[in-house]
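Student: Put together the whole structure using the sequences plus the hints.
Given next are the chains, with one letter for each unit.
2 protein chains.
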Amino acid sequence: MTLLRSLFLLVAIVFPVGAAQSAEPLPSWNDGPTKEAIKAFVQKVTDKNGADYVPPADRIAVFDNDGNLWAEKPVYFQLLFAIDRVKALAPEHPEWKNKQPFKAAIEGDMKALAASGEKGLLELITASHAGMSTEDFEAVVMKWVETAKHPRFERKYIELVYQPMLELLDYLRANGFATYIVSGGGIEFVRAWSEPIYGIPPGQVVGSSIKTEYKIVDGKPTIMRLPEVNFINDKAGKPVGINQHIGKRPIFASGNSDGDFEMLEWTTAGNDPRFGLILHHTDADREYAYDRDSHVGRLDRALDQAAQNGWVVIDMSKDWKQIFPAKDQ
Amino acid sequence: MTLLRSLFLLVAIVFPVGAAQSAEPLPSWNDGPTKEAIKAFVQKVTDKNGADYVPPADRIAVFDNDGNLWAEKPVYFQLLFAIDRVKALAPEHPEWKNKQPFKAAIEGDMKALAASGEKGLLELITASHAGMSTEDFEAVVMKWVETAKHPRFERKYIELVYQPMLELLDYLRANGFATYIVSGGGIEFVRAWSEPIYGIPPGQVVGSSIKTEYKIVDGKPTIMRLPEVNFINDKAGKPVGINQHIGKRPIFASGNSDGDFEMLEWTTAGNDPRFGLILHHTDADREYAYDRDSHVGRLDRALDQAAQNGWVVIDMSKDWKQIFPAKDQ
Numbered sequence: 004m005t006l007l008r009s010l011f012l013l014v015a016i017v018f019p020v021g022a023a024q025s026a027e028p029l030p031s032w033n034d035g036p037t038k039e040a041i042k043a044f045v046q047k048v049t050d051k052n053g054a055d056y057v058p059p060a061d062r063i064a065v066f067d068n069d070g071n072l073w074a075e076k077p078v079y080f081q082l083l084f085a086i087d088r089v090k091a092l093a094p095e096h097p098e099w100k101n102k103q104p105f106k107a108a109i110e111g112d113m114k115a116l117a118a119s120g121e122k123g124l125l126e127l128i129t130a131s132h133a134g135m136s137t138e139d140f141e142a143v144v145m146k147w148v149e150t151a152k153h154p155r156f157e158r159k160y161i162e163l164v165y166q167p168m169l170e171l172l173d174y175l176r177a178n179g180f181a182t183y184i185v186s187g188g189g190i191e192f193v194r195a196w197s198e199p200i201y202g203i204p205p206g207q208v209v210g211s212s213i214k215t216e217y218k219i220v221d222g223k224p225t226i227m228r229l230p231e232v233n234f235i236n237d238k239a240g241k242p243v244g245i246n247q248h249i250g251k252r253p254i255f256a257s258g259n260s261d262g263d264f265e266m267l268e269w270t271t272a273g274n275d276p277r278f279g280l281i282l283h284h285t286d287a288d289r290e291y292a293y294d295r296d297s298h299v300g301r302l303d304r305a306l307d308q309a310a311q312n313g314w315v316v317i318d319m320s321k322d323w324k325q326i327f328p329a330k331d332q
Numbered sequence: 004m005t006l007l008r009s010l011f012l013l014v015a016i017v018f019p020v021g022a023a024q025s026a027e028p029l030p031s032w033n034d035g036p037t038k039e040a041i042k043a044f045v046q047k048v049t050d051k052n053g054a055d056y057v058p059p060a061d062r063i064a065v066f067d068n069d070g071n072l073w074a075e076k077p078v079y080f081q082l083l084f085a086i087d088r089v090k091a092l093a094p095e096h097p098e099w100k101n102k103q104p105f106k107a108a109i110e111g112d113m114k115a116l117a118a119s120g121e122k123g124l125l126e127l128i129t130a131s132h133a134g135m136s137t138e139d140f141e142a143v144v145m146k147w148v149e150t151a152k153h154p155r156f157e158r159k160y161i162e163l164v165y166q167p168m169l170e171l172l173d174y175l176r177a178n179g180f181a182t183y184i185v186s187g188g189g190i191e192f193v194r195a196w197s198e199p200i201y202g203i204p205p206g207q208v209v210g211s212s213i214k215t216e217y218k219i220v221d222g223k224p225t226i227m228r229l230p231e232v233n234f235i236n237d238k239a240g241k242p243v244g245i246n247q248h249i250g251k252r253p254i255f256a257s258g259n260s261d262g263d264f265e266m267l268e269w270t271t272a273g274n275d276p277r278f279g280l281i282l283h284h285t286d287a288d289r290e291y292a293y294d295r296d297s298h299v300g301r302l303d304r305a306l307d308q309a310a311q312n313g314w315v316v317i318d319m320s321k322d323w324k325q326i327f328p329a330k331d332q
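Line by line, the protein sequences are chains A and B. Residue numbering for the first sequence follows my numbering, starting at 4 and increasing by one per position. Residue numbering for the second sequence follows my numbering, starting at 4 and increasing by one per position.
By construction, these hints were calculated from the structure, which means they are not laboratory data.
Just so you know, same-sequence chains aren't split out, so a pair can sit in one copy or run between any two.
When the alpha-carbon atoms are kept at most 30 angstroms apart in a straight line, the in silico BS3-like pairs for lysine-lysine are as follows:
#1 LYS251 / LYS214
#2 LYS238 / LYS223
#3 LYS152 / LYS321
#4 LYS251 / LYS38
#5 LYS146 / LYS251
#6 LYS218 / LYS238
#7 LYS251 / LYS238
#8 LYS90 / LYS218
#9 LYS100 / LYS152
#10 LYS324 / LYS152
#11 LYS214 / LYS90
Tutor: Structure follows, in structure tokens:
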């Protein structure tokens with residue numbers, strides 16, 4: 004763990020989580036109705052004398068990760084990790100050269116990879132994410148996020164987190180909220196770096212998972228990762244995953260795609276004070292612009308029903324002063 | 004939730020969790036090597052200048068529940084709950100009168116129930132624990148723990164928690180530990196009352212579970228409980244459950260049976276400071292005396308290997324001044 008801890012510390016220096024709150028919270032958010040709505044909600048549920056007061060133990064906030072806390076284009080970063088991992092493992096698997104989806108991954112042929120469908124992607128994920136201990140997997144992920152770079156921004160993927168969302172996480176925690184990640188991505192993939200990057204410890208990460216098995220390996224108690232899906236934490240799976248891990252219904256949910264619809268729906272149902280937040284990617288210049296027709300992060304039904312459900316929609320280009328943390332921070 | 008909250012408050016008054024620490028922690032523990040070993044470990048890992056210092060984020064303590072935080076005789080309390088629940092549901096299920104294991108449950112025939120084996124018990128659990136929303140189940144459990152009484156002690160089951168263990172939970176939390184329950188029992192059964200009784204919130208309860216499903220019921224977003232096993236959090240399942248929920252290896256594990264062996268083994272492997280604790284039931288007078296031959300809470304292999312693994316064994320009759328909280332507390 005020593006190497007990992009050093010990496011954690013390095014990262015923590017680059018992105019100081021929980022940095023001193025300025026007098027004005029959410030400094031990277033432009034003034035306007037979105038920022039005001041967030042602040043009004045927080046003030047309402049923390050006002051001990053108000054009718055909408057919520058005790059700290061019930062101030063649960065859940066955040067989708069891909070496209071919501073960090074970017075997700077051109078494709079989910081975890082898929083890029085899986086492709087890099089398959090390339091690294093390819094010498095041990097000569098049979099992959101002529102077998103899809105591995106051939107496509109090795110050749111970087113994203114069209115052929117997409118054509119392999121959900122089945123192909125799952126095959127790629129299990130082959131690249133299983134067959135090792137949880138500790139070894141964590142080390143592999145940490146090495147990747149510390150070295151791999153995004154093709155357009157030429158920055159590490161963990162530098163492509165959204166500065167305004169980091170501030171929102173800090174703001175909620177400063178007001179007694181517990182912040183959770185509820186991701187369709189792999190729980191152990193996100194956990195490897197969630198604490199230094201987001202200030203969210205592994206126990207507050209909910210995600211998709213493969214099965215694991217406890218066994219003694221070379222005399223050492225080990226949790227091995229198996230090539231079999233355990234749980235898909237997406238769509239109607241999100242409320243199930245939240246209930247399984249947190250055991251309470253959140254009062255604040257933040258997402259950016261139709262995969263977050265049920266999480267938003269479950270969180271905001273009822274009359275007591277609850278908050279739903281949708282990040283609409285509208286900024287092709289500074290980040291990306293996409294919604295209804297996107298193959299990654301498709302936002303259609305949730306956008307249509309946002310108004311009637313009272314969900315607040317972030318217009319990225321209008322509401323955010325800054326997208327990513329400053330390079331020389 | 005209003006009724007539940009009132010119940011929570013009532014219970015919280017009966018058992019004040021986190022009550023003011025006296026100058027001497029662990030007042031219900033007799034002086035001796037067991038108490039000294041616990042205190043020495045806590046002092047060691049919290050000493051910032053010591054070689055064995057562990058930062059608060061990694062001070063994870065896990066506790067088995069049945070026979071470890073509360074009693075488990077004559078049989079697991081959750082089984083008594085299941086039997087009471089089957090009796091209550093029997094009028095809607097006339098077919099149960101002549102069908103095992105339901106017939107045995109309705110007639111209170113524990114021998115016939117035991118003869119139905121693991122398969123029969125699972126059938127009883129799924130029939131009595133599923134087919135309703137998580138909220139309705141929580142209400143049913145709370146009503147039961149507030150009314151049902153233990154046959155020997157004639158006290159509510161939630162009054163049969165171990166006073167010395169309540170003090171140990173408080174002591175660890177006062178020293179920056181996060182305390183988790185890791186139970187072979189049902190996660191939602193324990194969660195219903197873990198926060199007021201143990202000071203452990205639902206998100207820090209790990210347990211066995213049945214599958215659940217998110218759906219709209221009568222226009223209301225609901226998580227329904229399905230009659231199908233999801234995960235058995237026992238034996239080698241405990242490290243898997245811990246990894247799934249907490250994502251870190253604990254440094255302190257406390258159990259009382261062979262079902263806790265792998266949790267203790269995984270927690271205490273390695274050379275860095277780690278603590279394994281086994282509760283040995285040796286007090287037939289004040290509670291129960293059992294170990295190797297018990298059908299509930301069998302303690303055999305873990306007892307044999309305690310010394311070589313450095314696990315500290317609590318001798319209930321010698322180490323504990325008091326077993327349960329005072330009646331008029």
